[in-house]
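Number of protein chains: 2
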Amino acid sequence: MVESALHLTIATELRGRIRAGELPVGGPMPSESELCREFSASRGPVRQALAALRAEGLIGGGQGRRAVVLDTVAAQPFATLLSFSRWAEMIGRTPGQVTQEIGVGRPGPAVAAALNLDAGDDVVALVRLRLLDGEPAMVERTSFVTSVGRALLDVDLDTVSIYAHLAEAGADLHTARHTLDAVAADPRDAALLGVAEGSPLLRERRLAMTSTGEPLEWSDDRYRPDVASVTITNTRSAHAAMVRHLDD
Amino acid sequence: MVESALHLTIATELRGRIRAGELPVGGPMPSESELCREFSASRGPVRQALAALRAEGLIGGGQGRRAVVLDTVAAQPFATLLSFSRWAEMIGRTPGQVTQEIGVGRPGPAVAAALNLDAGDDVVALVRLRLLDGEPAMVERTSFVTSVGRALLDVDLDTVSIYAHLAEAGADLHTARHTLDAVAADPRDAALLGVAEGSPLLRERRLAMTSTGEPLEWSDDRYRPDVASVTITNTRSAHAAMVRHLDD
Chain A
1 MVESALHLTI ATELRGRIRA GELPVGGPMP SESELCREFS ASRGPVRQAL AALRAEGLIG
61 GGQGRRAVVL DTVAAQPFAT LLSFSRWAEM IGRTPGQVTQ EIGVGRPGPA VAAALNLDAG
121 DDVVALVRLR LLDGEPAMVE RTSFVTSVGR ALLDVDLDTV SIYAHLAEAG ADLHTARHTL
181 DAVAADPRDA ALLGVAEGSP LLRERRLAMT STGEPLEWSD DRYRPDVASV TITNTRSAHA
241 AMVRHLDD
Chain B
1001 MVESALHLTI ATELRGRIRA GELPVGGPMP SESELCREFS ASRGPVRQAL AALRAEGLIG
1061 GGQGRRAVVL DTVAAQPFAT LLSFSRWAEM IGRTPGQVTQ EIGVGRPGPA VAAALNLDAG
1121 DDVVALVRLR LLDGEPAMVE RTSFVTSVGR ALLDVDLDTV SIYAHLAEAG ADLHTARHTL
1181 DAVAADPRDA ALLGVAEGSP LLRERRLAMT STGEPLEWSD DRYRPDVASV TITNTRSAHA
1241 AMVRHLDD
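Protein chains in written order, with the numbering used here: chain A, 1 to 248; chain B, 1001 to 1248.
It is possible that part of the hints are untrue.
[Unchecked claim] Label-pair restraints from in silico Cβ distances:
{"hint": "1", "chain 1": "B", "residue 1": "E1032", "chain 2": "A", "residue 2": "T233", "range": "35 to 43 Å"}
{"hint": "2", "chain 1": "A", "residue 1": "D158", "chain 2": "B", "residue 2": "S1040", "range": "45 to 53 Å"}
{"hint": "3", "chain 1": "B", "residue 1": "D1118", "chain 2": "A", "residue 2": "E89", "range": "50 to 58 Å"}
{"hint": "4", "chain 1": "B", "residue 1": "V1098", "chain 2": "A", "residue 2": "D158", "range": "44 to 52 Å"}
{"hint": "5", "chain 1": "A", "residue 1": "R17", "chain 2": "B", "residue 2": "G1105", "range": "26 to 34 Å"}
{"hint": "6", "chain 1": "B", "residue 1": "T1099", "chain 2": "A", "residue 2": "T233", "range": "23 to 31 Å"}
{"hint": "7", "chain 1": "A", "residue 1": "R19", "chain 2": "B", "residue 2": "S1211", "range": "49 to 57 Å"}
{"hint": "8", "chain 1": "A", "residue 1": "V160", "chain 2": "B", "residue 2": "A1169", "range": "33 to 41 Å"}
{"hint": "9", "chain 1": "B", "residue 1": "L1153", "chain 2": "A", "residue 2": "R54", "range": "45 to 53 Å"}
{"hint": "10", "chain 1": "A", "residue 1": "A55", "chain 2": "B", "residue 2": "T1099", "range": "32 to 40 Å"}
{"hint": "11", "chain 1": "B", "residue 1": "A1005", "chain 2": "A", "residue 2": "V155", "range": "51 to 59 Å"}
Since the hints were derived computationally from the structure, they do not count as laboratory data.
C-beta atoms are modelled at their ideal positions from N, C-alpha and C, and glycine is treated no differently.
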């Protein structure tokens, strides 16, 4: 195995042990020496793997001490919140999606209001189940204004990146306003995500706009909290650099 | 009534009607003329009030059309996430808090790990119920390293701003890492917040550090989702300016 892939293998294995509780929260991580022996690796890849887990909030400590387990869920950096696929790959898991429905129709009053539509306007609406390693992770309910969304009607949404496809089709997806809250799983969420009805889900609602402020997309994404959280770091009285890419 | 206060009165009244469902989501707002008549106001304060509601995500539309109701919950801008009191005042509601307990003791393994403590180290731990207009809104569970937290043992936490007090005492609260997810209300959350056990809460976990990265505080804040959400706006491939103040 080449060295460049070894740190990914080590990180994936350690994430799996943390998720499974084999390395419990509050407990110590194996030492660097132990990890070097176990994975027949030099310090370099072991340290790279530990740095990745640290960036995801899974482990902490260090500074001369042994690292400790902080969390079982790899947090999604705010900078990647729009890119489910990229985030999945970053934490060593395989993204997937199963489109439940797509069609053109009249939106409900809340979606029509968010998209600033006229009374008779349709939207292109779609529902997708997003997967991590084949397991249900998130339910995505998205509505696009038809001028943008019709570009999605003739593609296979189980394989195509929606934002990449829309950008190629010339859509000016520029600014997004995200609202994070908690909701109880409704019957459809529960069935798709494999959780009990009423159990807590992390919801991200997103209004995507053009550079002139015209609404293009309204999305309601609901995450199983045992697979996803969102993290943001900032500094007192300082402007934190923050980049998020509108691709998926 | 002086004009400078009138827009606040109008905004507070309109927020109340939206929260109560008298102005339902997806429905139109009263026109500017109607609001001017009702509140015996000129255009200025009416437009200021509508602008405030727009900034909070409660209404949208406009651009030559009548504004529409988008949401019943005023979103908390990310920039104020650390300042419950300031956020409450911004949305025209009165903040409050009731300290449930404060004391010095041994932390659990997860908190000890997050704060990078030695085996025998204590923390100053406190639990507060935060209120909006006297109604339960959030449960705050905070643990400070003792060198910082002992400054809190001799003050009335129902009236004092913790961060302001710690800053005065010389604490170097510089950087914070926030993780947002959804959790089910445990029995204590349920009792304090007046919700059913197991119902969804928006959780913000926060690790506050010094300018050199030394952990000072670990907090677990749980919001009733019908009173609070968190919102962030960003722009494609641009660095969004983001400021959050560490005061409360």
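Hints, one by one, checked against the model:
1. B:E1032 to A:T233: 35 to 43 Å: The hint (35 to 43 Å, Cβ to Cβ) holds, given that E1032 of chain B and T233 of chain A are roughly 41 Å apart.
2. A:D158 to B:S1040: 45 to 53 Å: violated (58 Å)
3. B:D1118 to A:E89: 50 to 58 Å: violated (37 Å)
4. B:V1098 to A:D158: 44 to 52 Å: holds (51 Å)
5. A:R17 to B:G1105: 26 to 34 Å: At roughly 30 Å between Cβ atoms, G1105 of chain B and R17 of chain A fall inside 26 to 34 Å, so the hint holds.
6. B:T1099 to A:T233: 23 to 31 Å: Holds - the Cβ-Cβ distance for T1099 of chain B and T233 of chain A, about 28 Å, lies within 23 to 31 Å.
7. A:R19 to B:S1211: 49 to 57 Å: violated (33 Å)
8. A:V160 to B:A1169: 33 to 41 Å: violated (56 Å)
9. B:L1153 to A:R54: 45 to 53 Å: violated (33 Å)
10. A:A55 to B:T1099: 32 to 40 Å: Hint holds: Cβ distance 35 Å, inside 32 to 40 Å.
11. B:A1005 to A:V155: 51 to 59 Å: Given about 55 Å between the Cβ atoms, the range holds.
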